[in-house]
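> Residue numbers (the working numbering), protein chains in the order written: chain G, 1 to 291; chain E, 292 to 585.
The reader is advised that the hints may include incorrect statements.
[Claimed, not checked] Chain E side only, calculated, beta carbon under 7 angstroms to chain G, not exhaustive:
#, residue
1, M295
2, A296
3, M297
4, R298
5, L299
6, P300
7, G430
8, D431
9, L432
10, Q460
11, V462
12, T513
13, S527
14, I560
15, K561
16, K565
Keep in mind the hints are simulated off the structure, nothing from the lab. In this text, a Cβ means the ideal position worked out from N, Cα and C, and glycines have one as well.
What follows is each chain in one-letter form.
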Amino acid sequence: MASVVLSEAEKLYIVHGVQEDLRVDGRGCEDYRCAEVETDVVSNTSGSARVKLGHTDILVGVKAEMGTPKLEKPDEGYLEFFVDCSANATPEFEGRGGEELGTEIANTLYRIFSSESCVDLKSLCINPREHCWVLYVDVLLLECGGNLFDAISIAVKAALFNTRIPKVRVLEDEEGSKEIELSDDPYDCIRLNVDEVPCIVTLSKIGYRHVVDATLQEEACSLASLLISVTSKGALTCMKKVGKGSLDPESIFEMMETGKRVGKSLHTSLQKILDEEESLGTTRQKVGFLG
Amino acid sequence: MAAMAMRLPVARKPVRQSAAPGGEKHLVAPGDIITTDTGYMRGHGTYVGEEKLIASVAGAVERVNKLVYVKALKTRYNGEVGDIVVGRITEVQQKRWKVETNSRLDSVLLLSSMNLPGGELRRRSAEDELAMRDYLQEGDLISAEVQSVFSDGAVSLHTRSLKYGKLGQGVLVQVSPSLVKRQKTHFHDLPCGASVILGNNGFIWIYPTPEQKDEEAGGFTTNLEPVPLSDREVISRLRNCIVALVTQKMMLFDTSILYCYEASLPHQIKDILKPEVMEEIVLETRQRLLDLEG
Numbered sequence: 001m002a003s004v005v006l007s008e009a010e011k012l013y014i015v016h017g018v019q020e021d022l023r024v025d026g027r028g029c030e031d032y033r034c035a036e037v038e039t040d041v042v043s044n045t046s047g048s049a050r051v052k053l054g055h056t057d058i059l060v061g062v063k064a065e066m067g068t069p070k071l072e073k074p075d076e077g078y079l080e081f082f083v084d085c086s087a088n089a090t091p092e093f094e095g096r097g098g099e100e101l102g103t104e105i106a107n108t109l110y111r112i113f114s115s116e117s118c119v120d121l122k123s124l125c126i127n128p129r130e131h132c133w134v135l136y137v138d139v140l141l142l143e144c145g146g147n148l149f150d151a152i153s154i155a156v157k158a159a160l161f162n163t164r165i166p167k168v169r170v171l172e173d174e175e176g177s178k179e180i181e182l183s184d185d186p187y188d189c190i191r192l193n194v195d196e197v198p199c200i201v202t203l204s205k206i207g208y209r210h211v212v213d214a215t216l217q218e219e220a221c222s223l224a225s226l227l228i229s230v231t232s233k234g235a236l237t238c239m240k241k242v243g244k245g246s247l248d249p250e251s252i253f254e255m256m257e258t259g260k261r262v263g264k265s266l267h268t269s270l271q272k273i274l275d276e277e278e279s280l281g282t283t284r285q286k287v288g289f290l291g
Numbered sequence: 292m293a294a295m296a297m298r299l300p301v302a303r304k305p306v307r308q309s310a311a312p313g314g315e316k317h318l319v320a321p322g323d324i325i326t327t328d329t330g331y332m333r334g335h336g337t338y339v340g341e342e343k344l345i346a347s348v349a350g351a352v353e354r355v356n357k358l359v360y361v362k363a364l365k366t367r368y369n370g371e372v373g374d375i376v377v378g379r380i381t382e383v384q385q386k387r388w389k390v391e392t393n394s395r396l397d398s399v400l401l402l403s404s405m406n407l408p409g410g411e412l413r414r415r416s417a418e419d420e421l422a423m424r425d426y427l428q429e430g431d432l433i434s435a436e437v438q439s440v441f442s443d444g445a446v447s448l449h450t451r452s453l454k455y456g457k458l459g460q461g462v463l464v465q466v467s468p469s470l471v472k473r474q475k476t477h478f479h480d481l482p483c484g485a486s487v488i489l490g491n492n493g494f495i496w497i498y499p500t501p502e503q504k505d506e507e508a509g510g511f512t513t514n515l516e517p518v519p520l521s522d523r524e525v526i527s528r529l530r531n532c533i534v535a536l537v538t539q540k541m542m543l544f545d546t547s548i549l550y551c552y553e554a555s556l557p558h559q560i561k562d563i564l565k566p567e568v569m570e571e572i573v574l575e576t577r578q579r580l581l582d583l584e585g
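Between the sequences and the hints, there should be enough to build the whole structure, so can you do that?
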């Protein structure tokens, strides 16, 4: 992953700052950076979103394609994740450099979305055992400025919220052969319910305390961090430790509690902004990549 | 007290060009024709195509007699002798350190062009060469002066003064080198209670004002005592102010930073980075700077 080198004194300054609840950019330990969210930024996808969190810049596109359901779940659609680490983000990603990180993030996303309640996969089924919608969720890292996982999960949720899947009907004639008919109205589409889609909150242990939304510099000072995925109701659905350091069981509990609290407010503000954008409708001036 | 502010992105407003003293600036984008007159000399950031002088970078056109060049807004650092730079050690080599200074090539700091602990008139021995990593190691930040510029543009640094040397606790902000105004001094002890080094290479170092200035060890002992909270608040506020000034493309020098700091005082430190607050305090700073000029 993109990383920075810091001198010992700089690290010490950051660690002492975290202990006093005043981080380098003036935030407290539980504050996020100001985030910018925009949906519907790529016109040739079913749904897309771009999230900027400080210097972290993520673009997510969701493409709905028709496929065959998996054998073990004949009446459900499914999601596929792919993470592309662009060499624009950091030169380290050039060639195959970003592959490892990309797979790690994709696997984390698979794990988070593996829960039944997360997305209603039954609604993606068109014709049991034969046809279903497959949602290809493609994540593109445009810039790395720390806290990738949180930003990606926010962007994925926003993109799924924005996703519109065309309505199709299955027509069956006398001989039993089936035909799929697409609605003529392009606005006639189904949308996903994203209320239960979790977001990731990363808590980085720095010194004796933990912080949310660590910058690259802060990540360099942290030996271990805990990724937890939280739903909007504050339920914890998945947990993962990253980094080479170890964590005390007691501090893990503390971090989980903080994570749930922060996660809830994260969901509230995300939903608020998505609703606001939706209410503006077509009157909103699109910013896209020229902003 | 978790806080999370999310917003929709706002399109950047077209900036009115403020009438700078000395007339309007001639701004160009890559591909713009600067002049069709063939009597000019082609400088940096320009090329000749179809007997016209064309800009290859975005920036302001500058003229020195017959020479025309474009000063780019966003650029890497082009070293000049006498510049003050802040850099980070990336490699320890034989008799030299490699220093990252945001220039196109890594800069070098020779062992012979730095003051070693124990006085200026000290012979450098083989032991010094072996102990180089004890003086400066990978990741360390230094302040230095440009001693010479090689023909390929690489920069050789020196720290032969007690002003320069290893930096201790503080915060580094990286900005475009073209936003740092050239001045007599780039070391400032601001009256708000912190000090800044405005490196010509766009590396800005903010640190607590040292209490005693007599650095006997030549700046090799770093103070690892925790910085008091009051100093941290000032440093964080200054950092955010500098970030605000840079986002609004204002020149950085002691007065602009100080005015921006004063304008930011009604706001909380973390709120300074909100776009609307940034805009407001930078506008106030710009106004005060104009008033100052009269």
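> A separate judgement is required for each hint: does it hold in the structure or not?
The hints, checked one at a time:
1. M295: With Cβ-Cβ at 4 angstroms, under 7 angstroms, it holds.
2. A296: holds (5 angstroms)
3. M297: holds (4 angstroms)
4. R298: This hint holds: E/R298 lies near chain G, its Cβ roughly 6 angstroms from the closest one there, short of 7 angstroms.
5. L299: holds (6 angstroms)
6. P300: holds (4 angstroms)
7. G430: holds (4 angstroms)
8. D431: holds (5 angstroms)
9. L432: holds (5 angstroms)
10. Q460: holds (4 angstroms)
11. V462: holds (5 angstroms)
12. T513: holds (5 angstroms)
13. S527: Holds, about 4 angstroms.
14. I560: At 3 angstroms from the nearest chain G Cβ, E/I560 passes the 7 angstroms test, so the hint holds.
15. K561: Holds. Min distance 4 angstroms.
16. K565: Holds, because the Cβ-Cβ distance from E/K565 to chain G comes to roughly 6 angstroms (cut-off 7 angstroms).
Against the hints set out earlier in the document, no violation occurs for any number.
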